[in-house]
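K.L.:
Quick note, the sequences are listed as chains A and B, same order. Residue numbers are given in full-length UniProt numbering: position 108 of the first sequence equals residue 108, and the series is strictly consecutive. Residue numbers are given in full-length UniProt numbering: position 503 of the second sequence equals residue 503, and the series is strictly consecutive.
If you're looking for bench data, these hints aren't it; they were derived computationally from the structure. One or more of the hints may lead you astray.
What the hints assert, rightly or not - Straight-line Cα separation of at most 25 angstroms, DSS-like style, residue types lysine-lysine; simulated pairs:
no., chain 1, residue 1, chain 2, residue 2
1, A, LYS115, A, LYS134
2, A, LYS134, B, LYS334
3, A, LYS134, B, LYS727
4, B, LYS378, A, LYS134
Said to hold, decoys possible - Per label pair, the in silico range of CB-to-CB distance:
no., chain 1, residue 1, chain 2, residue 2, range
5, B, PRO522, A, GLU119, 52 to 62 angstroms
6, A, GLY104, B, PRO522, 19 to 29 angstroms
7, A, ASN37, B, LYS192, 53 to 63 angstroms
8, B, GLU86, A, LYS69, 55 to 65 angstroms
To be verified - Stretch by stretch, here's where chain A covers chain B in the computed footprint (C-beta under 8 angstroms, at least three residues):
no., segment
9, 34 to 48
10, 341 to 351
11, 517 to 525
12, 619 to 625
Think of the CB as a built atom: it goes at the ideal place given N, C-alpha and C, for glycine as much as any other residue.
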Amino acid sequence: MEQQKNEAVTTTKAEFDPSEIEYVSYGGEHHLPLIMNLVDQELSEPYSIFTYRYFVYLWPHLSFLAFHKGKCVGTVVCKMGDHRTTYRGYIAMLVVIKPYRGRGIATELVTRSIKVMMESGCEEVTLEAEVTNKGALALYGRLGFIRAKRLFRYYLNGVDAFRLKLMFPCPGIHPSLSMMADRDESQMHHEHIASGECPESHRCS
Amino acid sequence: MSGRDTQEAAMNRQVPEHNSIPSGENTVWADVSPLLEAACKELRDGELIHGDNFNLFAAMSALEIMDPKMDSGIVCKYYSLDEAIEDGAAPVPISHDKTIDIQSTIDIMDHLLACEATWHSGHSLAQTVFSCIYLLRPDRTSSHAILHSYCRVIRATCKAVVSVVSDARTHEEEDVFTMTYGLPLNGNGDEKCLSMLNAVEETISRQLRACKAPSSKRRVLEDIEPLQHNLDLEEGFCKALLCRLRFRKHFFQALSCMRRPQGRGFELARKHIASCVSELGFILKSAEFLRSGACGTCEDGIEDSTTASGCSPIGFDASLNSRLSAPTPPRAIKILSWKKAVEYFVKLLHDLDAICSYPLDPSLEGVLRFVVQFQKSKPDLVARAHLQLLLVQDGKLYGRDPIFAVITKAAGLPELTKNHDIQKNEYIVQLVQLVINMLKILCTNAAWQRRKLGKILQDWRVICVQLEIALRNEIGEVSSILDDENMSVKMLRYILNWVEEQTYWIASRFLMLGFELDLYSPNEYCMVYWYLYVVLIKLAEKAHIRITATNGTVKRKGGKKKKDCLKEVAKESRIPPAILFLQCYVCLAEGLTMLLAALRNELMVLQSSSPFNTERERFIQHFELLQKACVPDHVSYPSFMESTTYAQFSTLAMYNYFKEAQRIAKEIKSSFSNDPDKLAELKRLEQIAEHNGVALNLICRVGALDPSLKVTFEFSHHPFFATAVVKRS
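Excised from the complex, chain A in its bound form:
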């Protein structure tokens, strides 16, 4: 179901300095329309509001938004949970609007999500991307994802997808990974929600 959009298309590029981009963890209802707008604009799959809320209410700390001068230019939406015998993270949607692509915003967004997943004890991260989406495939390739499977005509538009997977090293076998050492704690300012707790109100008798 999920999609990624980060093609390095040469359209009218926005002029900006990377330091001007502000990254924010999902902060509540006021962020929801921003995320929905971006995804509806850029991805072909239709999602209901339930789908968005499912993600951002259960895992607000895994969703991030990128702002440039107050304008939302990119977002990532994720989840995590048990999958068969593993605890895995899942990147559901990644969008950066066209004028801002190719400048590392998407990489920064997913990197933030992946770091939280790793800290939360995930053993691996997965996602699906269209086989034709060279930009996204390159991005995830650089982050260490492998193309684990090809999914025949996965999307509603009939295009195949790759299931991409990133496996974290088992602690103990590879004790020191450089990125773990110089992790920038200051980048993390999200509120943790106890996993399993459902924030949606439960009023059915």
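Start from chain A and add chain B according to the hints.
P.N.:
The following block gives chain B in isolation, referenced to the frame of chain A:
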């Protein structure tokens, strides 16, 4: 959200007076509107009333009513089929002007062909072929013989194709394909479509003859009413209709013949296929006539058009059936163009012909080779389903040869063992099932095939272990008997070796398909070729054991003259060509591994560093299924590192794997002179070996000195052996 709920609650305040379900002993109807209303007032933004099991699937399945992207029940034009018909969306006759009526009929036929091809390529039947209102009401067309017979044969053909695909059912690819809920596929009298088609064909043939006859003879034929009234166009229309009707007739018959058991209908099917291809040629040709102003101005681009004339057809509405496609959101289906549809059918017919001309090779090796070769042309689901039904019928190969007999033959055992009691053993019964599964999997699309092949490796491995145990037990039992070799022991030994060989074959196919599916990135090629190399070595080893043992059996059986015997011993001491063929693969895989490793070690290219993990994790992920099944034993990331860490160009130049591969390919060509497929493969292998040998030399000479040297890998010569391309940047 809460606002919306309040509105709905308000609307439902009135308790319906005529309850269809009466109150019972323990139930009573109550008005919940006030409760709902109160609940709505309490709800804040973002809150949701839901059941306990509200999960991602539930969230994804939820629809927003009246959102055209999601609501498949949204009314686009008509509420119902009846309303569409009442509104005149599909009139019968299509027009009272006979010329326009014929033109429109041809447009409908063409659009149906485009719909059919679109259906075959993965969309629902309801939204493609059955977007045709005429098809949905079989009785309405009965007064229009041409349209009626065409609709009948379309429904009958769809039914036949659905049955082939659902009989061959192996996985979800077919789910959309075979979904026929609510469609009139079992139209009354559709089975008589051929006689109807013949009658219509006969009439039009006579009309064609009549209009072509010189005016002097016309009088005799005057009792024949022309197809339509514009005599200048009569011939063109007759011809355009005839090829379309005949195509349908032969296509339906070809499919029926192919369903006969044991491939008995293949010869006849091939004749119908050939007729289909030639009728498609006429159909293509008719486009010129149909386009030449037959319907005046057609604004649509001809290339994208779904009809030969370029006009849009009458009587289609995809939205009428979109509710049948629930729970998926309505897909915007782009119907293939008429040209693409014709191309699709040409390809399908070609693939079906390949199946029908297959000589039903009784050896499993031959079957596997045929299937792999067949899959190279990327056949679509319909062709693959036919192949699968041919290979496995009633649990037998071609519905003819018992699988156990096929296995003993493949394992190199003599003919008389095929009825041995060993086949009653549980593990042999399982093995037979594994072979059937493997054959079915090999007929699926490449993506699914690879996943399934990876998964069945474990089952094959388990059988290996069981056979080993059985063999050990047998040996223990017979050691007391003074027989030179007990038959069961011999059979187990042969079968075990063959199962191991087959396991490595599956593993090699799994790895090779990864290239075809584009699953490896260049910085992973090194480990993939290394793994392929270790698997291929094992495969060659097991195949060699089998071939040597079989030759021994043959020799012992036939009491030949001394001279012949000596000759055979001389022959045996050489490595059989089939093994050398594998050896050639081994050399290329090893050569590429070492070349890639040396590039990484010395030129620091294609290294793979990433922020979150290392190459080790990528190795584990890529080969997880092989490692789980211990294929091969004792192979792991450390052993990969051990064999590649010290790879250097200086040593590579001394022992040149590519030269060796080239030499072998040259040497064994003559042994395969009557096998064009293998010969073509050998030529490709030779080319790659030569190219890579040259590239290796070049890198050895200037690589370290010239930092601008760029090495890339292409698959221009072979689907899974890369060619190194060296360039100065």
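K.L.:
Flag every earlier hint the structure violates by its number, smallest first.
P.N.:
5 and 10
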